[in-house]
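> Start from the sequences and build out the full structure, keeping to the hints where you can.
Residue numbers (our numbering), protein chains in the order written: chain P, 96 to 579; chain C, 56 to 377; chain E, 985 to 1524; chain V, 529 to 621; chain A, 74 to 574.
Keep in mind the hints are simulated off the structure, nothing from the lab. All clues stand as given, with none of them false.
The following label-pair restraints were derived from C-beta to C-beta distances: (1) P/His451 x A/His376: 32 to 42 Å; (2) E/Leu1002 x A/His376: 28 to 38 Å; (3) C/Ala174 x P/Gly355: 14 to 24 Å; (4) C/Ala174 x V/Leu584: 14 to 24 Å; (5) E/Gly1032 x A/Val134: 38 to 48 Å; (6) E/Leu1510 x A/His376: 24 to 34 Å; (7) P/Val289 x V/Gly581: 24 to 34 Å; (8) E/His1005 x P/Leu514: 54 to 64 Å; (9) E/Leu1510 x A/His131: 52 to 62 Å; (10) A/Ser229 x P/His451: 17 to 27 Å.
A short list of chain V residues far from chain P (calculated; beta carbon distances all over 12 Å): (11) Gln531; (12) Ser583; (13) Leu584; (14) Pro585.
To list a few chain C residues with every Cβ distance to chain P over 10 Å, as calculated: (15) Ala105; (16) Gly256; (17) Gly292; (18) Val338.
Even for Gly, the Cβ is constructed at its ideal location relative to N, Cα and C.
The residues making up each chain are set out below.
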Amino acid sequence: MNNLLIWPVALPLLTALLALLWPRRSNWIGVAGTGLPLLAVLLVSWQVAASGPLELALGGWAPGLGIALRADGLSVLMLLMSALVTMAVAVYASVYFAHAERRGEFWVLWLLLITALHALFLSGDLFNLYVTLELLGLTAVVLACLGGSRESLQAALRYLVLGLLGSLTFLIGVALIYAGYGTLDMAALGDAIVAGPTAWVALSLMTGGLLIKSALFPLHFWLPPAHANAPAPVSAVLSALVVKAALYLILRLWLELFDGVVTQAAAVIVGVLGAIAVVWGSWAALQAERLKLMAAYSTVAQLGYLFMFMPLLAALPEGAGRELALGALVLLALTHGFAKSAFFLAAGIIMQRAGHDRIAELGGTARSLPVTAFTIALAGVALIGLPPSGSFLAKWQMLSTLFVTGQWVWLPVIAVGTLLAGAYIFRLLGHAFAPGEGVGPSLSVGREEIPAVLLALIATLLLGFWASAVWELVPISAYAGGGA
Amino acid sequence: MMSQSLTMLPDLVLAAMLIGLAWAALSSDDLRRGVVLFIAFGLLLAIVWARLHAPDLALAEAAIGAGLSGALLLVALRDEAGGKETAGRVSQVSRWMVDLFALIMACLIGWVLWLTMYAEPAERLAQLANSMLEHSGVSNPVTAVLLNYRAYDTLLELVVVLTAVLGVLVVGRERRGYRQAGPVFCGLVHWLVPLLIVTAGYLLWVGAHAPGGAFQAGATLAAAGIVLRLAGNDAAGLLDGMLLRWSLVAGIGLFLLVGLGVTINGGLFLQYPEAWSGSLILVIESAATASIAAALVLAYRGGRPDGWLSVADYDNNREVSR
Amino acid sequence: MNGLILLLPPLVPILMALFAHRLERRWWLFSAALPALFIGLLAEEGSGITIPWVLLGMHFALDSTGRLFLLFGALIWMLAALFIPSRDLAPGATGYIKQTFLLALAGNGLLILAADMLTFYVGFALMGLSAYGLVWGRSQRARRAARVYLVFTLVGELALFAALLFLMVSGGSLLFEDLTAEPMPAIALALLLLGFGIKVALPGLHLWLPRAYTLAPMYGVAVLSGPMMKAGLLGWLRFLPFGTPLEPAWGNGLLLLGVAGVVLGMLIGVVQRQPRAVLAYSSIAKMGLFSALIGFSLNHPQLAGGLLPVIVLLALHHLLVKPMLFMGLALWQRNHPGFWLLPALLLLALSLAAFPLTGGGAAKSALSTALGGQLAGLLLLSGIAGVALMGRFLWLLKGRVISVQQDPIPAPGWLLLLPVAVWTPFSWQAFIFEWKTLLPLVAGTALFFLGLVCRRWLDSLRLAMRHKGQHLNLGAVQIHADMPDASSTLRQIWLPLKQAAQPLRFDPASNASLALRDPAVWWLLLMLALLGTLSLSLFI
Amino acid sequence: MTQVLLYALTGAVLFMLGVRAALLRDTVLPRLLALNVSGAGVFLIFVSLAYRGDSLPTDPVPHALVLTGLVVAVSATALALALNRRLREMDNE
Amino acid sequence: MMTMSVWLPVGILLSSFIPGVLIFFQPEERHRLRTLLNLLGALVKLLLVGVLIWGVFHEQVFETRWFLAPGLEFVLHADALSVLFVSLSTLLWLVTTIYAIGYLEQTPHRSRFFGFFSLCVTATVGLALAGNLFTFVVFYELLTLATYPLIAHKGSPEALRGARIYLRYTLFGGLLLMIGAVWLHTLTGGVEFVQGGVLDQFAELDRDLLRWIFLLLILGLGVKAALVPLHGWLPQAMVAPAPVSALLHAVAVVKAGAFGIVRVIYDVYGVEFAAELGVLSLLGAVAAITIIYGSVKALSQDHLKKRLAYSTVSQVSYIVLGAAILGPLATIGGLVHLVHQGVMKITLFFAAGNYAEALGIHRVSEMDGVGRRMPGTSLAFSIGALGMIGIPPVAGFISKWYLGLGAVEAGAAVWVLPVLIASSLLNAAYFLPILYRAWFKSPATPWPADKTAGCARELPDPLLWPPVTTAALALLIGLFAAAPYSPLEWAELIAGREYRQ
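Encoded structure:
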């Protein structure tokens, strides 16, 4: 029954191959290939919730020699996010790419991206993580340049080169770990790693590599052009999921493998970078003239929030308090994932209708595309962190942790970030609600509008009201370092 | 002591040459020079692999690292000629900062390596991997790791290759081909290509118990294709249309199907039945070789062949006519 | 059941007010006061009723004072109703005469019958605010007068409101009967004096009165000068803690203010050129007397028991006579005044001047008896004031005929009420003729002639000054001498101030009707500020 | 064991050389070269980890990892070159 | 019975939430269905609130809990204070809905409008029923969100500007409130609203810390309650359509702030404890300044709705003032003003909307003679205005009476009474000229031909009756203040429960 864990990876891969072989049917294959892993992920989640972490030793070899796939609370949450987001985006993309020349390639790459994401979230082996990271990076790059414009290619190339640099840095960290501890299996490493030069250097190298991938300030510069110039469905998953993958790895490393190695000073450095990212990203988003660019900068800022959790987590002793903060982090990441993907989809709809996404010329959107405007509003609520979105709860808990740990310094950052987020979201809404003919007269509710609004609803309502599941799942850990 | 430093000498020379070549390759302003130096660096590296008892790697490096990468880079130089990329100057301060950072990091990494390899070397997986060899179905430990212990990695790696190739296909059309080569070169080709194909087959076959395997074989096969293309065969020996797609898919598809297939009677994913594992690995490797070769050749061709989209053309034509 | 009847005097007019736009005959208004008359005549004294769920619980009771006020008030209300010109009753009439008349009547009834402070306050407010519509006239100046009236009234109400708060907290009950249980807080006392002082036009707080009386329609002035002004007095009677010892400063202060009122009213009144203005100052003088008497009673708890009924009588007398005078004046100023009118007015004037053998004289003698000889000077002064002012009034009647379309009814009604008014207290035993009571007559006459001379001199002075320009036209006499002009005089002080405050000025278009711009209001605010500082300094 | 350490250290130096060049160069091809050199450095470290002296069999796991890494690096390089080429074409159009 | 006590608060929320969501998805032209949904929701809510009133009066417990996150519970709890606010919002919602249906007839985007309208009420009711600080913050922010589109509804540059300013203020306030709430939450491990307050049980907490938190909370709430200097959004927000302004000023936003302040003082800190901390006098001073400032500013406004807006600034602080004075009488005054001000102010805004709608009158200076043209509306307006001044027996008098009593009782008369009196005078100074113009002046220009041409009365029924009804209500709750189940009675009940300890 443990083979269950391979299905979230195998199914999209299999369908990707099918889509490559039958490009004419790729729309159907693509949607089905996104839906089937969702079922698998739901099964996995149900299992994990019911009976604790799962492990699949691939090939029957003991982890260490072989590779193990593991699913615990954290990975299940990420899997759920990625499966749900990709599902919705796939439905959207089936309309978006319905007549595009490259839809065959798109669907193959799309399914490969899902494969990569799921493989990454399930992987229990450091080197395998490297491979999945590379796979993820390459699929993301190729998807990002599907738009075909010069800017998108340029951005994709830059993204690729930096991604390579990041993964190489990660890889050398892996090499040092293997040198020091003789294994790559993360469960074993979780027990073995102790504070020392090996751990420190390896951790800082791996973290550095991952920080590039997750676009933390000042390594963020590749993100806005890449995310803003990709086709809308791609931007959605890039912002929502791909950067989260690196973040997920950082969490795994810091909290579970290198727990006890991480020093407060290191965490504070990351936190400060996160804080700068929050302020800078929000400010840049406020200045942005294009909708998708704004969304991309907003991603930089939102990622900053996630990194600001690091010093808080590091300051907390293992136990309920830390799980609270960790849950908040995850919840924030999830909410952002859903909200940002919804936001990008909505931006894509607007772009398709209006032919542009200049914010100042979006007047009349609310009239001609009410559902999309509503989506943007809902997603905006989640991005600002207003109730009833999950990010509100997360920010609440974040503030609470802040007060518990006495790290007051972050308070103004959160405040400023929230206000700036409110400013840019409502600036956008102001333009969207203004009268005008910017978007054209259509009043129909398109099929492509539904997934976006559903994603936004998940971010604002589902994650707001059923967020306790996050805190129930997070403590289920497959690794020795973290959790109860 | 003396003898030790004497035995150290070739190593020292090798290391110094590596660093020197790398430095030269990277600091050269002339790209062509840099690429050539890089290829030399790759070949030198192959020697180092051999020196470190890694013959599989030496083969792979020669074929892939130096050979294929070099070919790709060299061919890319041709593209570079047209475009002018304005190279923004990096300020002196940031240059110093980067240097300092690199120095510190190198020292740190070196320190850790010294600690882990010299001061208190750890027990790693060697023992285990070698002792499990008999259950793996092959006798070449590297192949065992690649296709049995860590077969999942290899599967995903094939996916990486596929992705990269798809990317290449998506980005643009393939390069113009070469003129039909002259007779001398043609004669060479007639001689070389079969040799390479045979070599590839051999490498594939021998991979089970000696250095070699799918990657090396695939790269060799790809080399055959490259030679063909250089000789003026634009398709570089590749098939068109659906068959091309099938050949790209074959490696991963078979790998995956085998991996899933073994779960039917109760095994875990990729857990070959012990009796069958040798044959299964061979089957997988064969398919993978084909896929890798196809992929690498496509990558060399540098874009979408004309026939790639014909499979999907039906819809596109309809769209245009509407 | 009996108690419920007490609700009628306020309730009936209110209900009628709701449908006032349908009532086009003045008899409706006339009949609105009938319940009050009915209660005043027939209801049992001491009956009361409590309605707990209205407002904060309303208590009604009828005592002898209330009964008298109700009865005589009703008479005036009824008569005044008849004086409303028919064009004000027509459907398209400007202003809201009917509604405000009815509401003021209701308020009047309510406050008279109130047995608790809050009900009294509600009635007082209802009456005072509604009366705005009665003061309001067609001319610009009348409107300004109405505005000033409103401001003063509001201030008075708020003072009363604040006083009530203190009383409620210190006593824990709103009933009048519980009022004396606790010693009254000084601040409440001050506020009461202020609140009702505005209604009874204590000097300093009287600025609203001359203008309102001069400019308002006659029926409005009639009820204003009669029942409504006396409501202020009634308020004092109801609220003030007679019979308990008090800091003498309070009584003395009030006494002093009252005397000042008498003097002020007398001196300014005799130089007026309009009969209505003379009557207005006469009211100030008269109310000055009442205030002085109240102040005296406060200081002499032992005398208060005997004194208060007499004050009530005197008040009732004035309540009747003054409106009668006003309405008589109205009759006089119409076409073809009857030959009978002048003697009738004379009779009224004599009664007001407390001439022996009139109701006024009787009340006065009763008063001096109750006073036991104290305050003789004040009485003398008041007598002189009455005589002088009435003399001036009668003097001014000559040649004052304004052609107005005559409504047929009022004259008989007026005549009917005349004897009641003249001999009101009906205390025949007090009809004593004493020579010394003529003393004020003589002095008053002298003063009247002095006033004539003075007026001439003032007029000439005024002319002389006008040649030099108006800037020097300052001085208290001047201010009061000719009220409509006085505002322009004060305005000249105000103008530089206004210019100085130019940056702070509000948008004039939106504030054309803002009463804040009136000098009288500024005066009031000044007074309030003074009082405020005074009380604060007393506190500290 | 010293020569192994020597190679490992060489690997570290190569890696940092590559990183340095990747950071300082801002055209695509030199960057790709630099990254490949970096990768070679990492591989060198892996392989020297595998070497356990002439007498003992080597550790096959790092070898396999390096093989995988090599292929990945080549794939990525190919992709980057293709992208770069397309960009050049666009510039020339 | 058990289940009802759980479901009733939820039901009250859903009774406007579900219609709101349904309305969103109605096509614009389905006027009838939308009206039906609106009214059905309002009536169901009224019914449920009726049950709630009965239940709370008999000391039944209505509580819904929903576990959201560790330490965070979503709690709906009905106590007497909630009931006061809930019934006010429910009743006025019904009236406003009817009014809005009439007001927005034939205008675009009605589905959107009514959708947000319903959500706005949902948020308000949720605010009223919030059982702990966390839930309160949730609904507080939701309210911001639901009102923003309403203010921006017209889509004109001014409307957008007003909405933006509104948002700027409220988001800032929401943030401060949230920080304060989280802080308190962290210190105490969850802040439930308990009558009489909870904080005095945490003796170990640093007093200065609590003072700072109080400051944060009040600043956050003060934005919505339009305390000076946080009031700047309110006059700008009057660009909204009349029903929105009405709701905004009477029930939803400013009231939410005031209600929140009351909650914080009474049910979180506990009024005695707050007084002990010394924070109340500061709040009282701010309230006093706001009262005067708002009135003074109102004086100089010619725009009718702006004048009313500043009047709101002033009047809402009465509630705060009542809360800031220690003693049951002042509490009663503040609480009852919560209701009274709502009823009166909504009347005024309805009337202002009617003037604009029927005759295009937006400014005070244009109102000459409007009383005869629109007697029903003007009568309603007059009652509302007189009530604001505090003329008995309109409702406003009752509030002022109790506030004054409370001030005297608490010995704060020296500064409170002058404020009350000055404010009453100022109220008179800016309201009476309006009445004067409306009733006593004659129009300078003939009335324009307008949309009311075909009506039997001065206006269509849905526009005329709401102000008349609320005016009558304002009169009645003042006149029958001492009657059972009157707002005053409830306020007394609440004050009694708050001061029981």
